[in-house]
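Number of protein chains: 2
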Amino acid sequence: MHAITRYFPILTWGRSYDRSALSDDLIAAVIVTIMLVPQSLAYALLAGMPPEAGLYASIAPILLYAVFGTSRALAVGPVAVVSLMTAAALGQVAEQGSMGYAAAALTLAALSGVILLAMGLFRLGFLANFLSHPVIAGFITASGIIIALGQLRHILGISGGGDTLIELLRSLGGNLGQINLPTLVLGGLATAFLFWVRRGLKPALRGLGLGPRLADVAAKAGPVAAVAATTLAVWGLDLGARGVAIVGDVPQALPPLTMPDLSPDLVGQLLLPALLISVIGFVESISVAQTLAAKKRERVSPNQELIGLGAANMGAAFTGGFPVTGGFSRSVVNFDAGARTPAAGAFTAFGLALAALSLTPLIYYLPKATLAATIIVAVLGLVDFSILKRSWSYSKPDFVAVATTIAVTLALGVELGVSAGVAISVLLYLFKTSRPHIAEVGRIPGTEHFRNILRHEVQTDPAIVTLRVDESLYFANARFLEDHILDRVTRDKAVEHVILHCAAVNEIDLSALESLEAINQRLSEMGVSLHLSEVKGPVMDRLKRGHFLNDLTGRVFLSQHEAARALQSPAAPDETRGRAPAPDNKGGI
Amino acid sequence: MHAITRYFPILTWGRSYDRSALSDDLIAAVIVTIMLVPQSLAYALLAGMPPEAGLYASIAPILLYAVFGTSRALAVGPVAVVSLMTAAALGQVAEQGSMGYAAAALTLAALSGVILLAMGLFRLGFLANFLSHPVIAGFITASGIIIALGQLRHILGISGGGDTLIELLRSLGGNLGQINLPTLVLGGLATAFLFWVRRGLKPALRGLGLGPRLADVAAKAGPVAAVAATTLAVWGLDLGARGVAIVGDVPQALPPLTMPDLSPDLVGQLLLPALLISVIGFVESISVAQTLAAKKRERVSPNQELIGLGAANMGAAFTGGFPVTGGFSRSVVNFDAGARTPAAGAFTAFGLALAALSLTPLIYYLPKATLAATIIVAVLGLVDFSILKRSWSYSKPDFVAVATTIAVTLALGVELGVSAGVAISVLLYLFKTSRPHIAEVGRIPGTEHFRNILRHEVQTDPAIVTLRVDESLYFANARFLEDHILDRVTRDKAVEHVILHCAAVNEIDLSALESLEAINQRLSEMGVSLHLSEVKGPVMDRLKRGHFLNDLTGRVFLSQHEAARALQSPAAPDETRGRAPAPDNKGGI
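Protein chains in written order, with the UniProt record's numbering: chain L, 1 to 589; chain Y, 1 to 589.
I should point out that these hints are in silico values taken from the structure, not numbers from a laboratory.
Just so you know, not all the hints are guaranteed correct.
A pair counts as met if it fits within one copy or between any two copies, since identical chains are not told apart.
Below are the DMTMM-like pairs computed for lysine to aspartate or glutamate, each with C-alpha atoms no more than 20 angstroms apart in a straight line [stated by the list, open to error]: (1) Lys432 to Asp541; (2) Lys396 to Asp163; (3) Lys493 to Glu298; (4) Lys296 to Glu482; (5) Lys220 to Asp24; (6) Lys432 to Asp492; (7) Lys296 to Asp492; (8) Lys432 to Asp216; (9) Lys544 to Glu517; (10) Lys396 to Asp261; (11) Lys389 to Glu457; (12) Lys295 to Glu496; (13) Lys295 to Glu482; (14) Lys544 to Asp261; (15) Lys296 to Asp483; (16) Lys295 to Glu562; (17) Lys296 to Glu517; (18) Lys202 to Glu95; (19) Lys493 to Glu440.
Could you put together the complete structure from these sequences and hints?
Next up, the structure:
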């Protein structure tokens, strides 16, 4: 691909843009705009920012992503988990509602932008892979609970807050006496309505005779209806005077030009949170983008996506926003509404700019409880404990990683939760590879196949021990192999040859090479020779660079069959060992 | 093995102890004692401890190791690298020479003891494997330089010090004006003599007609001769009055009973250093023990070795010592001198106790420069940059790990050096496995073997793509595989079947399973079916627990040959692709 079109995907799709694409994109933009106005306000509330920041964070970032991003349907802006992480990070450096808080949000967005751009330019997108699927699932579930509990106080009309399960429960419990009844009624009705919209509105509209597409669009407008109805109720019944918290004055303006504060102190405090936000945001975004692209047999480029998201966050930093990423629900709506190119995003940005210019006076009386209801209904859809069951039945290490992530996120907060998830997955993986499966193999009678003597009925020669190591050999398991082989041979004085069957050895590092040298030396002192079979090309290439192959007391065989044939003692007949294969072992070797 | 004899190896070898073993052990003990007196004093100086602490650290620990250790020749006590790490750790909590410093040394030894015992009881010996051989080699080389430079001031008779290369060079440069000539002459002569002892004394003694064994013993006494000669010189020429630093008063007593200070503050500060000291000490000790055991076809038990070393460090903590481990030079001397059981260690301890009781007045005039010379000559033997060359030619990631370890140790000190070494090895390993080698394979004509199309001349069917993944599939490479396969298939519209050849896949974790499900789903949307071949037993067992095998659009084949035969389109003849194998590829697959 040409370098310029690689970094500016807009040059590729822009060239073939036509009227039919334009009309599809316009329709999608209208639908997404209607959905995004309440959602942007709500996620601003979740991030602890003023409501207009949610709109600002959706305008410039969408435009910049349209220029640099590779997904045709991805819609960027504030999303639930990243907004929660933003609130957690900013809470450590400033008081919510203060000038410093909003300023630090710009810094956080700028740092995320720089980190994402750097990861994209240096092609470090693979780093995100260290967040395993189960860890992400556990993290999102735990975050959803934290978010929903945190918003509950807006529904109850009480004060308080917290970053962890215990803090939140204690704060809710301690302030229950403050419950504001009008807020609770309004918030409760809005929540119930939104749950119904999610589950029951579309079938109901279809029942009334609406076409499927129109029913879909109308269902997306559910939150707007809740916003309108509760705003009217507050205004008409003067509920503001009865203690219902409202959004209040929102500036009627386009996004301002802002300059993030990059003082070393603030940057130092926000760097790690920005890194975590960037990685989590990228993982969420790329998953959505790849899922949607696959449906049209298109591909997204992970490293260019990093650049697109980095540009979007830089946009947020310079226009009064806060960290953004590609959101799941908004992107799916965009895709389902028929968006064909990133131009749909640009039209959405235009719609949101219109809203920021003209609609803000209308939301003066909008109760915060309605926004909280929007958030709660959205995030409870993310809470899914089935990953615990799935991982438990599939693999215990995965289960441990998920359970740790959920427990730490709930108990100690989002930043430690996601860090603990990554750390424990890596440690468990290293632990597994440090104690590799080593099978002793023998020949299945009448074939050239060599199988585990514990799983199959095989023939072996008492003078030959063949060990198949099911792992790359590297520093963490080098000594384990040494111990295993020497233990095996010290026990059995009949052994004259040890064959290492290397078909599953993808790498031999210098530590492992030194262990092999030591094994060769020690076996040689015992009068036993060491052979290798089925060594892979790349591994063999590397072994040739050292003197190991010259010192090797035995030989290197192309195939295990050849090795066994060459070393077989003609006098001693094969003995049959092992057991018949288990009936459920079909397909395994 | 019976539980009691497992934890008390003394019960095994003690039962068959006889007169011939006794006489061998006694001879070895005499030789080792002669060697250990100056060495213990010197390493105490290196650790910043009073000289007698070096003797104390060799008495109780040797006795306890004799009870709990499994190596028959290992000699524990203060060693160079651990003494340096001790000085670095204690320097952060107290001033050298203060009461607090010696007290903190007891705490450090106690913490090391607890850590080693815990690792042994919980069978965590494998953790030491994360220190790769090249990292250890680099670390010891860099430590040797730091130690030698640090001791140079005792030879020059100047003050100063430091933990890093730059600090040490700056301190030496800044204080050069203070050089004390008598000290320099004495220290220089001692150093030159000890180098000659190391290289030339034994051949010279053989030339004088001594038998090889006697020449060997006499050469070991070289340091004692240097100690005696320089002590006499200081006494006779009254060099103490001319500024030569001397050892001075050393208590004439058996090791005292001491109680380590376990206040939470001090423990908190010393915990991490104690962990690093424990791991480094264990790795050094186990390497020596295994090397010596192998020479007699014996085995040491790594987890029991941890218990032996833990007990030794507890002994040091309660008898006025500092952290100890199994030393290379003393163990080799013990082995070469003919030690047959740990009883030799017990006799050595007796000899050292005698020395502590009777010899200490004799070393009042011993110049510190002589001890520094002993250290410098010993550690320069450890400095070996050849690991840089070896790792460069064998594998670049190993080279990066070694170079980083050496650079960080020299620039930032021992603790960061060894931590950086472990961290970078793990990261490089994860990086490698996150981008696995994936080979497209085809059948070598006339055989049932399938090889890389880039390395061999093979036959393929245009409708079938067979990919051999040379790595376990886990979270870090799950997405890579997904990208690789979808890129390959999207490019080539002729493909109808994708076969994943899994002989080198030792593990499929839940993330990878989800990626496989996604690959299966997306290929299915493109009308391409996914098959697996040569799946290993343990991997297959696990796959059966999920619903992946039910959803799989293709089949699971026992062998790749069977898969290719079953899927081959009879109409389209095989096309020959790839190239002839390179002539240097013999033995590789």
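To see whether the hints hold, each was checked on the structure:
no.: 1; hint: Lys432 to Asp541; verdict: between (27 angstroms within a copy, 17 angstroms between copies)
no.: 2; hint: Lys396 to Asp163; verdict: neither (29 angstroms within a copy, 44 angstroms between copies)
no.: 3; hint: Lys493 to Glu298; verdict: between (62 angstroms within a copy, 14 angstroms between copies)
no.: 4; hint: Lys296 to Glu482; verdict: between (51 angstroms within a copy, 16 angstroms between copies)
no.: 5; hint: Lys220 to Asp24; verdict: within (17 angstroms within a copy, 90 angstroms between copies)
no.: 6; hint: Lys432 to Asp492; verdict: neither (28 angstroms within a copy, 37 angstroms between copies)
no.: 7; hint: Lys296 to Asp492; verdict: between (61 angstroms within a copy, 16 angstroms between copies)
no.: 8; hint: Lys432 to Asp216; verdict: neither (48 angstroms within a copy, 46 angstroms between copies)
no.: 9; hint: Lys544 to Glu517; verdict: within (13 angstroms within a copy, 39 angstroms between copies)
no.: 10; hint: Lys396 to Asp261; verdict: neither (46 angstroms within a copy, 41 angstroms between copies)
no.: 11; hint: Lys389 to Glu457; verdict: neither (36 angstroms within a copy, 47 angstroms between copies)
no.: 12; hint: Lys295 to Glu496; verdict: between (59 angstroms within a copy, 18 angstroms between copies)
no.: 13; hint: Lys295 to Glu482; verdict: between (50 angstroms within a copy, 15 angstroms between copies)
no.: 14; hint: Lys544 to Asp261; verdict: neither (56 angstroms within a copy, 55 angstroms between copies)
no.: 15; hint: Lys296 to Asp483; verdict: between (53 angstroms within a copy, 16 angstroms between copies)
no.: 16; hint: Lys295 to Glu562; verdict: neither (48 angstroms within a copy, 32 angstroms between copies)
no.: 17; hint: Lys296 to Glu517; verdict: between (53 angstroms within a copy, 18 angstroms between copies)
no.: 18; hint: Lys202 to Glu95; verdict: neither (42 angstroms within a copy, 76 angstroms between copies)
no.: 19; hint: Lys493 to Glu440; verdict: within (17 angstroms within a copy, 43 angstroms between copies)
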